[in-house]
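Asks: Construct the entire structure; sequences and hints are all you get.
Below are the chains, spelled out letter by letter.
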Amino acid sequence: MTIPALEFSHVTLSRGGHDVLRDVSFKVPQGSFVGVLGANGAGKTTLFRGILGLEAPGAGTILFEGRKVRRGNSAAGYMPQMRNMPGGQLSGLSMVEAAYRGQVPGLPWGGRKGRAAAEAALAAVDALSLAHRPVATLSGGQRQRLLLAQVLLDDPSLLLLDEPMASLDPARMSDTVTRIHTLARKRNMTVLLSAHDINPLLGFMDYVLYLAGGKALLGPVREVITSETLTALYGAPVEVLKVGQRLFVVAEGGGGLFQSHDCTGHHHNASL
Amino acid sequence: MLHYEFMQIAFLAAFLVAMVCGPVGWFLVLRGQTFASHALSHVGFAGATGALLLGLSPLTGMAGGTLAGGLLMGLAGERIAGRDVVIGLVLSLALGLGALFLHFFTHAAGASAALLFGDIFGVSWSVLTWLAALSMLSLAVLGFLSRPLLFATLQPELAEARGVNLRVMGILFLMLVAITTAECAQVTGILLVFTLMVAPAAAVLRLGLPPFAGLLCSALLAVTEAWAGLVLSWYTNAPVSFWIVLMGGVFFVTAETVMRVVRRA
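Line by line, the protein sequences give chains A and B.
According to full-length UniProt numbering, the stretch in the first sequence is residues 1 to 272, in order.
According to full-length UniProt numbering, the stretch in the second sequence is residues 1 to 265, in order.
Just so you know, the hints here were simulated from the structure itself, not pulled from any lab data.
All C-beta atoms in this analysis are idealised placements derived from N, C-alpha and C, irrespective of residue type, glycine included.
Hints may contain errors.
Some residues of chain B that are not near chain A, with every Cβ distance over 10 Å (derived) [to be verified]:
#1 F6
#2 Q8
#3 L54
#4 I87
#5 L97
#6 F104
#7 A114
#8 L116
#9 F117
#10 D119
#11 A161
#12 V258
Across the chosen pairs, the derived CB separations fall in these ranges [stated by the list, open to error]:
#13 B/L71 - A/R15: 25 to 33 Å
#14 B/T224 - A/P105: 42 to 50 Å
#15 B/L216 - A/R71: 30 to 38 Å
#16 B/G143 - A/R133: 28 to 36 Å
#17 B/V231 - A/D169: 53 to 61 Å
#18 B/T224 - A/V104: 28 to 36 Å
#19 B/G96 - A/G106: 36 to 44 Å
#20 B/L100 - A/G213: 54 to 62 Å
#21 A/K113 - B/L71: 30 to 38 Å
#22 B/R263 - A/K242: 47 to 55 Å
#23 A/S167 - B/V86: 40 to 48 Å
If you want the ones that stay clear, here's a sample from chain A, every Cβ over 12 Å from chain B, calculated [unchecked claim]:
#24 L52
#25 L54
#26 V224
Replies: Written as structure tokens, this is what we have:
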């Protein structure tokens with residue numbers, strides 16, 4: 001019996017004074033590819049911050065590879081949501097290199113080792129051609145690859161990817177998922193990837209981790225994404241529709257669940 | 001020109017101040033906090049005039065004022081310090097206080113001109129010693145801080161996950177800006193701190209150099225502008241600050257133009 005990559009037992013996590021996740025328990029096996037789904041405000045980012053040790057659970061324990069999570073653990077790689085990058089004039093290489101042992105006090109000088117590490121990481125995401133271009137001239141998908149390269153610098157065993165598909169067009173979405181999936185297989189990394197829409201992830205996920213109403217449910221897609229399961233999770237009638245190969249989660253009244261949450265005054269994270 | 005002691009002191013002072021202004025300015029521009037240094041210099045004005053009134057050296061009052069201001073701004077965090085209304089209020093309050101202090105001070109006219117527009121030819125040996133000490137301290141702090149500061153600036157969330165305390169980093173940096181601003185005001189005066197802190201760094205940032213090279217070049221360009229300002233002022237009799245402002249603008253426009261041509265080619 002191998003140790004799970006992640007183990008949540010009866011975890012409660014709060015943010016801004018109120019509980020975002022309550023009494024959540026699940027186990028993520030090593031090397032699995034997990035899609036973290038849920039509406040905005042369902043706790044995807046908070047979940048990641050908990051795993052990174054940035055938010056201490058109010059109750060319960062979070063174990064990462066059998067040990068209690070701690071802040072600054074370089075085995076857990078985090079790719080934050082993409083926003084405008086400062087320093088647009090800096091080259092892609094400089095940007096990635098800034099993350100190489102970036103937390104260590106000293107001068108911003110990675111040396112030959114830092115440069116080699118940054119180049120290797122860029123190569124791993126097919127972004128060597130971006131190394132000498134100013135970041136301001138790159139497209140969203142290209143910046144995404146720089147962010148992914150930064151995460152790979154530390155050679156993590158766990159990847160936490162916060163909405164990597166937000167603001168990408170459909171072709172880039174499928175590129176991104178395929179790239180991440182291939183990398184994860186090659187390096188035997190466990191991946192937690194949060195997303196608004198389940199469809200770009202279909203066929204890649206081993207499990208889906210569905211967050212709703214402060215609860216979380218982990219399981220294979222065909223077991224979790226069903227009308228019965230999601231209705232129980234939301235505590236309100238929810239229907240899963242299959243159109244061709246695509247899945248749609250629809251609330252009573254007809255609105256798509258994710259989209260409807262976008263319009264109810266919750267902050268749209270991608271625009272922050 | 002270098003036969004005169006006041007010129008020797010002026011060159012030394014300009015060097016000590018500019019070599020810190022350059023790299024600190026580089027981070028200011030990168031972090032989008034240039035307005036903070038402008039506001040801090042005004043708070044320093046209140047400190048300096050207050051110090052004059054109490055019979056202390058203006059540099060002491062200036063550094064005290066900017067440090068207190070920097071600390072408060074850092075503690076208030078981005079939520080408040082980033083708001084232009086709050087910064088504007090603090091800025092005018094500080095200038096008003098300075099005006100009040102000057103009102104009670106008898107040699108007001110000469111002192112206020114020196115504070116507002118700089119008086120590098122009036123720097124004494126004791127002030128020079130202080131500048132040297134402050135510059136060494138600032139460089140030491142920068143040497144320690146610049147790597148995690150760069151990380152925190154470019155990738156705040158990732159840096160936080162790696163164990164960088166963003167809040168502490170922000171406060172330490174603003175205190176560094178405070179010291180540098182107080183130093184810079186000795187050369188350019190509080191109204192023109194921007195020229196030596198921001199202009200050279202902004203020009204260098206346009207060039208897209210790697211961070212370490214960018215920091216070095218900012219220091220170099222700032223020293224060049226400050227020294228050239230002294231030389232030009234010597235031959236033309238126009239104020240040093242004027243020449244520094246002019247060169248800051250010229251270098252910035254040149255860098256911008258060069259990069260446009262390079263990009264197109």
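Asks: For which of the previously enumerated hints does the structure constitute a violation, in increasing order of number?
Replies: Checked against the structure, the hints that fail are numbers 11, 14, 23, 24 and 25, while the rest are satisfied.
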